[in-house]
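Could you build the full structure based on these sequences and the hints that come with them?
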Amino acid sequence: MPNDVLSTQAEVTWCPGCGNFGILNAFKKSIHKLEDRKVLRNNIVLSSGIGCHGKIFDYLRMNGLYSLHGRSMATVQGMKLGNPELKVITFAGDGDAYGEGLEHMIFAAKRNADITVIVHNNGVYALTVGQYSPTSRKGFKGPSTPNGSIEEPLNPLSLLLEAGASFVARGFAGKIDHLSDLIVEAVLHEGFSVIDVLQPSVVFNNTYKLYNELTEIIPKPAETLEEAIKLSKDFKNHLPIGIFYKVKKPVFHKELFGEWNPVKKHMMREDRMQQIASYLSNQMRE
Amino acid sequence: MNNDVFTFLIGGKAGQGTKKAGLVVANFFVGLNRYVFQMNDYPSLIRGGHNFSIVSTSTKKIYSHYMKADLLVVLDQRSYDTHKDNVAENGLVVFNADKVKGNGIGVPITSEAKKYENPDLLEGVAGIAILAAALNVDKKTLDNIIRTEYRRNIEDNLRFAQAIYNATIYKIPHKFVLKQGTAKQISLSGSEAIALGAVAAGLDIYFSYPMTPSTQVLHFLATYGKKMGVVVVHPENELAVANMAIGAAFTGARVMVGTSGGGFCLMQEAFSLAGMVEAPVLFFLGQRPGPSTGVPTYTEQGDLRFALTSGQGEFPRIVASPGSIEEAFRLTSELLSLVWRFQTPGILLSEKHLAESSMSVNFELEKTSWAEPIMHENGLYARYKNTVDGISPLLFPPSDELIKWNSYEHDELGITTEEPEKLLNMHDKRRKKLQSLISYLKNFTTVNTFGTKGPVVFTFGSTTMSVLEAIDYGKLEMTVVQPVYLEPFPIWDLEKFRGKKAIVVEQNSSGQLASLLKEKVGVNVQSMILKYDGRPFDPQVLAKQLKEVVTVA
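Residue numbers (the working numbering), protein chains in the order written: chain U, 1 to 286; chain C, 1 to 553.
Errors might be hidden in some of the hints.
Said to hold, decoys possible - In silico BS3-like cross-links for lysine-lysine, where the CA-CA straight-line distance does not exceed 30 angstroms:
| no. | chain 1 | residue 1 | chain 2 | residue 2 |
| --- | --- | --- | --- | --- |
| 1 | U | Lys-233 | U | Lys-248 |
| 2 | U | Lys-265 | C | Lys-432 |
| 3 | U | Lys-265 | C | Lys-367 |
| 4 | C | Lys-367 | C | Lys-432 |
| 5 | C | Lys-226 | U | Lys-249 |
Think of the hints as simulated: they come from the structure by calculation, not from any bench.
Every value quoted in this text rests on a predicted model; they were computed, and no experiment measured them.
Here it is, written out as structure tokens:
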């Protein structure tokens, strides 16, 4: 592990060759690229869910909150509401984003919360030793489905597009430069942005060869939502990666409270006392 | 009836404005400088059913409604049947002659209302006109009341009220006389008190998913919060509520969440997270009868033990329950301030009976607390620095220092760890914080004591109001002890009751406070008066029960 400014002293415990390394390296690159574009590192706060992906939180010398399984999308929405000047990013596993915390994804997309979600989608529950995940293919054999998963996988991108996501992308942990550009674009996007990252798990679901063969960079986002949805359902002989859809929409916190900033504009005690006194006197009937 | 207590009860179907009528009547009594207590009883439905609102008033402080009405106004048969046997001596029953067969004074309320648009909504207004007639209030005063209180369809309301007044006044056999009081106190609900208490302490964001009986705080802050510096967020579910709140606290925002039992179950993991990451979050837990969905719009104190043991794992938490609406105001601010000082979750434990009842209050604004973090000043920052008192100073982003809050067990920097000595270090740090919290609380009013003589009666939360009123009504000589703080349990203030005989009054079926008093203090609980039918105590009935247990003991 290079001892760069973005690293901590934490021991890296991912399996050698894990797709998470690709995501970590891409993320670090994007932080430097973002700094070139005037997004200061200190102004970014992170969160993560629980699982192999979540360990990235310990490895990054950046501020944030290591959240619960499935809840980090709610955590970062809270951070954004507390101080809207912060850029908020959460890492999540496919179990976090598409299983345990799917409701937060759908609603964050629906309300266009200004957050970025990077989903480490390896199609397996790796840290709990290999059970099927929401995106595992039908027939996937894991310790809880020894005869193969009987469920069809979820298509997260079409689901989120339908829910109203204003920035939807797919990346591949094996294409680090491409992925880091996606992260930069996602963070700069004002509104809900999600990057579904195809991430091989070397032990439980080694998809390097498959993804290297199938991934194909799309030149530009789809023009319309319908086209983007169509693209998200296109698995025929290839796997498109890149920005599927990007649209400008009003963001949740601004719709909620305009230019207010709860932390920075924190109303002081005297003003509050005045407001309370005025409310109380309005209740008095003569 | 006790002293000069006068009770007005109006019953009807949901959607007829009985609660609003109760509110208007309470405000009228307030205008006479009298003290009031208003209790609203309503089932979980939008139209139909049986709703009633009771307003009891006195020239001295009153802590409960009385079930026996001096003036009973019933808009339908069901209301008549339910309340007809609960009329005070010399009380009056005025019923809607179009809908009710019964004894008393019949007034054709529905046929009069039908002359206007939205006749159903008008019917509640009849209650005010009837009260005005029964008190011999002049027509001009009645007009003024209607004009102030009903802003929509003023003309219809005025004409309807006058018609009912005219149809009633000559039928009233004796007019009630209500003395002017000296109170000059407004009537506010527990929900208003809780919301305003949080505002006073510096609340920035209130997160909540609607669930009775916490919903009125959500509605209040959604309406008035903006002017008071409060943002209100109502997200997809309670999981989002609690986790968003923790995320916002990470940035330095003073947050509170509101819910009831079922919603709080969904927040358990986040509650424990707040304990682990040391997030200052105040949870308002409004109790209703459980288990499960239970009885949504009624009252109970069945979640005491649940509150005390919320969340997996061991971590300090602060639980306190207000014994009056005035106390709810002050205590909410105190709790928000405490969770910030000690960076740990707190629970404001209350009930439907407090949250949705109203009473005369005098809020002492200067006695509220202000939530202020202990901030890191200089040098290398360690989020979980093991300090002397276990409290690690805070720092908020953006910052050049590393700020890591971590749900996994962590080292002082906030990096995940599994090393045994680091586990010990953090456990010990959190234990130290608990000890610091206990020392700090010793400077606070953690137990209220009312009276000095007679048998000792323990109670908590809104039941305190019932007990105080029952003692006053029954002219009983008793010492009422109300632990305000329930975790840490104020053993230092209660030790003097070790081995002492006591009566415990609470609204649950197992005697949770009683068991706590036995376990923590060794109180010799002689008898328990438990009520768990969803309804708050009636002071007259409770006074009788208290007399009985004293005689037996």
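Now for the hints, and whether the structure bears them out:
1. U:Lys-233 with U:Lys-248: holds (23 angstroms)
2. U:Lys-265 with C:Lys-432: violated (34 angstroms)
3. U:Lys-265 with C:Lys-367: holds (24 angstroms)
4. C:Lys-367 with C:Lys-432: holds (28 angstroms)
5. C:Lys-226 with U:Lys-249: Distance of about 24 angstroms is within 30 angstroms: holds.
Figure legend: structure checked against the earlier numbered hints; the only hint not met is number 2.
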